[in-house]
Amino acid sequence: MQPGKKLAFKLVLSVSFVTATIFLVMLAYNYRISRKLLDENIRENVSHITRYAVNRIEGVLISAMTIPENLAVLVGDFNYTEAEIRQFLKKVVQHNDEITGSCLAFEPYAFDPDEKYFAPYYYKAGDSVRYENLGTGEYNYFFWDWYQIPARLNTPVWSEPYFDEGGANVVMTTYSVPFYKDGDLAGIATVDVSLEWLKAYISRIKILETGYAFVISRNGRIISHPADSLIMNESIFSLAEENNDPEIRKAGKAMIRGESDYIPFPSLILDEKAYLYYRPLPATGWSLAVVLSEEALLADLHRLNRDLLIIGIAGIFLLVLSVVVISNRITHPLRKLASATVRIGRGNFDVELPVNRSDDEIGQLNASICRMQQELKTYVENLRTATAAREKIESELKIARDIQQGIIPKIFPPFPDRKDLDVYAVLEPARDVGGDLYDFFFIDDRHLCFAIGDVSGKGIPASLMMAITRTLLRARVTRLERPETIVALMNRELCRDNDKAMFVTMFLGIIDLDSGTISYCNAGHNYPCLVRKGKALEKLDQTHGTPLGSFEKMSYGSGSVRFCAGDLLVLYTDGVTEAMDINDALYGEERLVRFLKSKSFEGPEEVTLSLVEDVREFSGLAEQSDDITILAIQHQ
Amino acid sequence: MKITEQQEGKTCIIALNGRLDTNTYTALEKKLGEAFENDAVHILLDLSDLMYVSSSGLRVLLMYLKRSMAEERKFILCGLRENIREIFDISGFTSIFEIYSTRGEALKKM
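Respectively, the protein sequence lines represent chains A and B.
560 is the number that the working numbering gives to position 560 of the first sequence; each next residue is one higher, with no gaps.
1110 is the number that the working numbering gives to position 110 of the second sequence; each next residue is one higher, with no gaps.
Here chain A stands alone, though its shape is the one from the complex (with noise of 0.2 Å):
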């Protein structure tokens, strides 16, 4: 899988997981309750359906009851002849389609004393109607079922049903109702009702597709069944024993003793599970019986079933394609502007981004990553304008610092002729232009000027104001003249047109190298420190005006100190004593003069080197914020 699809997967899996969990439910909660709703449906159908063929059954067997009640009631009460008799049956069978048959079999000697049998019967054979007299010597009609158990039982019964093979080849039953004369047993009427047209009922009934009835008689024997083979042939029990099945035994039980109810039951020619539904035939003692495929009951619901899990599937696939689509609608501009950002990044302005337009998130989001790469285009064409004026600016600097460093002296020893003095200076610039200064030159054969300076502030301002106050200094002191008269004279030129308050701290010495002293004056610069041979140290702490350029009326005063052989004075500027470490604590005076007194130093170069490195060590990693000039005067 590409990285840039995992968000689609993951959306495509959660949504048809979630979608396909419910739907599940939703189809089993659905099937439950359709499964006992059609169960109830099914169940209240068919009760329906058998009650309705109960009593078209019953109807018919009724009206064919009523046939035998009447004779029983007719020839009871009235004495017939024989020819009035057969006349009356004959009539009977004719005009009673749900007959086959009927007869009145007297008991012996009844009918007629000399004659033991009299029993007529009529019957239909075709289309005709004909006549029997059923007691012969042959067939003694009183040892028969139809005729001996009515009359036993005193009631009316109705015949096991038979098959009628002499006559139409069809299976038939008898009712038989004993009827009397004075109180006794005058004899037996009956009708034979053939069962072919239960049979063909019984095999119209058709429940949903597979379903099919039967009808058993009291003994459980089957007496109407869609297999023609089982009629008269088994009965629920034979069918129990066959297929060694107690529910069915246990069915027909409770079939034969009247009840009604709706159980599963294993189909005797459906050769799957299925249902039984029975209710009694009360007129006959039979009870009919419904079976239901459960197959065929649950198609429908099974069919639903189906089809809800085929939309189901099609609406799951139709809502992962519509997420992947979705998904890719919302990534793919997201993997471009991805790809896009990587490349801004990398600082390609001028990448194309995708164009969106719509106002959804992604649009926004869009819109402002192209606000961005404006901004980051402008932003950085700016800074590479800026980068350019700055290096511009900085080689300037370079340039100004350059030149300003050329202007003071720098070549050391300078003076290799002269074994009575020797100078060292260091000015070490800091990164900012700074202004200080030096300077140290013969006035004559033995009187030396020397100056050390420090511009107010920094920058091309001070190195400029440094650069002018070094040329007014040599263009000022021509001949031997009062330091304080060469500072107030300096003082006054740069004092002329100084808005700004410009100012330079200066101390002015001129050395008599014969005499040994230095006269000096001090215009508000830090006071310098003279070592005395054998490490005794004074501070010449005198200020004699404030510094140059910043009051024109100042009148300067001056010191003087004795210089001998061996003495070495050092001059600095507040560089020094005010170099910072990185906590932004200050050099200061007092280690300046416990460094000087630390140790003798051979020379100016020496403590002028080693007092610069005593002030690095001290700063440590904190920058150097302003210019470190040392200048070191040593008479020998």
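It should be emphasised that the hints constitute simulated quantities derived from the structure, not laboratory data.
Pairs of lysine-lysine residues, derived as DSSO-like cross-links and limited to a Cα-Cα distance of at most 30 Å, are as follows:
| id | chain 1 | residue 1 | chain 2 | residue 2 |
| --- | --- | --- | --- | --- |
| 1 | B | K1030 | A | K392 |
| 2 | A | K500 | B | K1002 |
| 3 | A | K500 | B | K1074 |
| 4 | A | K553 | A | K500 |
| 5 | A | K500 | B | K1109 |
| 6 | B | K1030 | A | K500 |
| 7 | B | K1066 | A | K553 |
| 8 | A | K553 | B | K1031 |
| 9 | A | K553 | B | K1010 |
So, partial list: chain B residues that the calculated Cβ filter (under 8 Å) puts toward chain A:
| id | residue |
| --- | --- |
| 10 | S1056 |
| 11 | L1058 |
| 12 | R1059 |
| 13 | L1062 |
| 14 | K1066 |
| 15 | I1090 |
Label pairs and their computed distance ranges (CB to CB):
| id | chain 1 | residue 1 | chain 2 | residue 2 | range |
| --- | --- | --- | --- | --- | --- |
| 16 | B | E1005 | A | P413 | 51 to 61 Å |
| 17 | B | T1026 | A | I326 | 54 to 64 Å |
| 18 | B | E1098 | A | K500 | 19 to 29 Å |
The beta-carbon is built from N, C-alpha and C at its ideal position, and this holds for glycine as well.
We have chain A; now place chain B onto it with these hints.
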């Protein structure tokens, strides 16, 4: 550096807190410029909390001292710490500025 300003009659009292050096002198220059433009006649700089002053800072003070002299205003300093006082002594500025040890003392001279 923090600069606080307070008006007391015709005197504008400006107090400095921190270091007055290359990085901060422009702020003071601006503040003093404003004070000189306003109605305040006199300026009192309270340096009690000033820890350090560089030559750039001294230049600003000098500039406004000169301006106050030209405009006949008073430009007074007070409350200099020892190290600041030393810098003023060495540079000779003690002789041209009017300096008092406390604000109260300075205000009496206004």
